[in-house]
Amino acid sequence: MNSSALRFRDVTRSFGSTRALDGLDMEVPRGSICGFVGPNGAGKTTTMAIATGLLMPDSGIVDILGQGPFDATLHSGRVSLLPQDCRLNPHTSIRNLLIHLARLQGMSRSQARKDCARLLEAVALEERANRSLRTLSHGMKRRLYVAQAFLGNPELVLLDEPMAGLDPQIVVRIRDLMFMHRGSCTLLVSSHVLWELETFCDHMIFLDSGRCVENAPMDVLTDKKCTVRVSFTGQLPLQALQAALPDLELALEAGELQIKAPASWSLSRLNGICLPVLLVNGVEILEVKAGRSLEEAYLDSGKTQETYE
Amino acid sequence: MSPAHRMSRSLHDAFLVCCFDIRESLKSRKAVLLSLIYLGGAMAFAALFVFVLREMAWSVTGTGDSTSGQGAAIPGGSSQFHDILLRLFNNSELADGISQVPPLALLYGWLAFTFVPFLAILASASSVSTELASGSCRFVLVRVDRFAWTLGKLAAQALVLAMGIVLGALGVLLVAYAGMPESEIIYSAPWLATMALRAWFFGFAYIGLALGISQVVPSPWASTGLGLLVLIGMSVLAHVLGNDWVQLQTAPVGFWLYQLLPQAHRIDLMLPALPDRLVASTWLLGLGFLYHFMGFLAVRRWDA
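First to last, the sequence lines map onto chains E and D.
For the first sequence, counting from 1, position 232 maps to 232 in the working numbering; every step adds exactly one.
For the second sequence, counting from 1, position 121 maps to 121 in the working numbering; every step adds exactly one.
These aren't lab readings, by the way, just hints derived from the structure by calculation.
Hints may contain errors.
Simulated pairs of lysine to any residue, SDA-like, Cα-Cα distance not exceeding 25 Å [said to hold, decoys possible]:
1) Lys27(D) to Leu136(E)
2) Lys225(E) to Arg113(E)
3) Lys225(E) to Pro246(E)
4) Lys27(D) to Arg113(E)
5) Lys27(D) to His91(E)
6) Lys224(E) to Arg269(E)
Residues of chain E placed beyond 12 Å of chain D at every Cβ, according to the derived structure [to be verified]:
7) Gly53
8) Arg87
9) Ile273
10) Asn281
Negatives, chain D to chain E, calculated, CB over 10 Å [unchecked claim]:
11) Val144
12) Tyr177
13) Ala178
14) Thr194
No experiment lies behind these values; they were computed from the predicted model shown.
Note that the Cβ used here is the ideal one computed from N, Cα and C, for glycine as well.
So that you can see chain E by itself, here it is in the shape it has in the complex:
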């Protein structure tokens, strides 16, 4: 079985003179929850649209679940999408819409009803199931759109800004829904809320100007496996510490002490060795954090930073 659920090789796509994808190379590991980040206009939505056959690439290779480019008949029910901007017929009832979509992906009527009830409960819309879409607020519609993406047993789910406009309680529910599918399906989640992605993603792809600028597991990207950052107050005897911890790289960054261990070390080993040394050397520790935040990792990825600047 192919180890990637979604693979783009040198994919290009232009809209007039605007190059949305410029030789995009990326792979989304099977079974991962993959965050998809980039500035506005980086090509995230275009990538998702090409992956689901809504747009055609100008050139390049797209491979979905190891079966070539998207084919609605072949991938129906196996690949799903939460599009970013869309308006559904306001007269449609919520339940009917979900049942219709479920039926289109090959489910029987009874299966569709059952799955629809499960998902409406998951996104807290079960009480409004028989209402029409026009009675729903923006956030509720968004929840419905999220629910449709999880109908059946999809193997690849593409979510374009799933949490946009949702209240915190619902965000937690939707995060739970994603966690429930961890391992059993691959999720590609586009968002600008990096701290949120950090809580549930295990892989990250950074996109900029239609190119992939970073594609790595979350713990590698955020150095969570072998780096700690120590907030402290008072003086820091850096030279004494470096002498006491010769195997580690110590650096002072933005008022924090960054301690990096060799890749073979575990985080607990690192903590066990360095924290006593810090305390013995009189460092007044305020906080110890593993690695760096995703936001920092993102801003550190050179090209992206340039775009923001």
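On the provided structure of chain E, position chain D as indicated by the hints.
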């Protein structure tokens, strides 16, 4: 996946899209409003017609009694009417065919053949474009191939049109029931059904046209507007190309171009011989699918 399995899956999906679309169309205010306007118009014309018939019966027999049964004899089936038709169309077969039709069914046929194209364009020209414009098609197109989606929509609009036509026929029958003798209504009812079927075949070509345009122009207002313009343009073109002298001058291009217009086959639906009507119906079905398919060529690679 084998082509046969793929095709059967597409047809199944088209069926599901069709069922859902019919439900949605019946819920939409536009479809209901158009049906009511059509129904109201048909009933108003029928009422006027019944009134005129009764006045004519009064002047001929001296009685306007609704049970007099004179309506059936005036003017359908009369030799004078046949002569008028013969002079009008210069086609004895056609004159035979039309003069067999009872007046009430003839009135309904005239109404349907005149207004069904407009009804088809107004009701259906936005059916695909609305979804392309709003982006709601994205929910469906990740589950269904585009061919099945558009085919389902075509089938749904064709069935909604059939409902509108039947509704109009029932309205006419209802008005007739109030003002005409029962014997004449019983005689006219099967003819009304036949006319409704013929009008549906004629309307199907316009449903195909509406869907074709709807797939090319991804804006509901623009597609409806363009649909109406094309409808008017086609009527003018048919009028020009239908002229014998023009056909002679432009043969064979003019002839074949004329065949590609639904109006070229409308009158053939009134011929008395079944094979002639079948050929006309097949042409109209084919034209509907052709227009639709031309639109599909655009939507096939459309950025949804």
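Going through the hints against the structure:
The straight-line distance between the Cα atoms of lysine 27(D) and leucine 136(E) is roughly 18 Å, inside the 25 Å bound, and the hint therefore holds. At roughly 44 Å between alpha-carbon atoms, lysine 225(E) and arginine 113(E) are farther apart than 25 Å, so this suggested pair is violated. Using a Cα cut-off of 25 Å, the hinted pair lysine 225(E) and proline 246(E) holds, with the two alpha carbons roughly 19 Å apart. Pair hint lysine 27(D) plus arginine 113(E) holds up; C-alpha atoms about 21 Å apart against a cutoff of 25 Å.
With a C-alpha separation of about 7 Å, the suggested pairing of lysine 27(D) with histidine 91(E) holds against the 25 Å cut-off. Using a Cα cut-off of 25 Å, the hinted pair lysine 224(E) and arginine 269(E) holds, with the two alpha carbons roughly 13 Å apart. With a least CB separation of 7 Å from chain D, glycine 53(E) falls inside the 12 Å interface cut-off, contrary to its annotation. With a minimum CB-CB distance of about 4 Å to chain D, arginine 87(E) fails to clear the 12 Å threshold, and the non-interface call is violated.
Taking the minimum C-beta to C-beta distance to chain D, about 51 Å, the non-interface status of isoleucine 273(E) holds against the 12 Å cut. No Cβ of chain D comes within 12 Å of the Cβ of asparagine 281(E); the nearest lies about 59 Å off, and the non-interface call holds. Some Cβ of chain E comes within 10 Å of the Cβ of valine 144(D); the nearest lies about 5 Å off, and the non-interface call is violated. Distance check on tyrosine 177(D): its Cβ is at least 34 Å (rounded) from any Cβ of chain E, clearing the 10 Å threshold; non-interface status holds.
Distance check for alanine 178(D) against chain E: the nearest CB is about 34 Å away, which clears 10 Å, and the non-interface claim stands. A cut-off of 10 Å between C-beta atoms confirms that threonine 194(D) is not in contact with chain E; the least separation is 35 Å.
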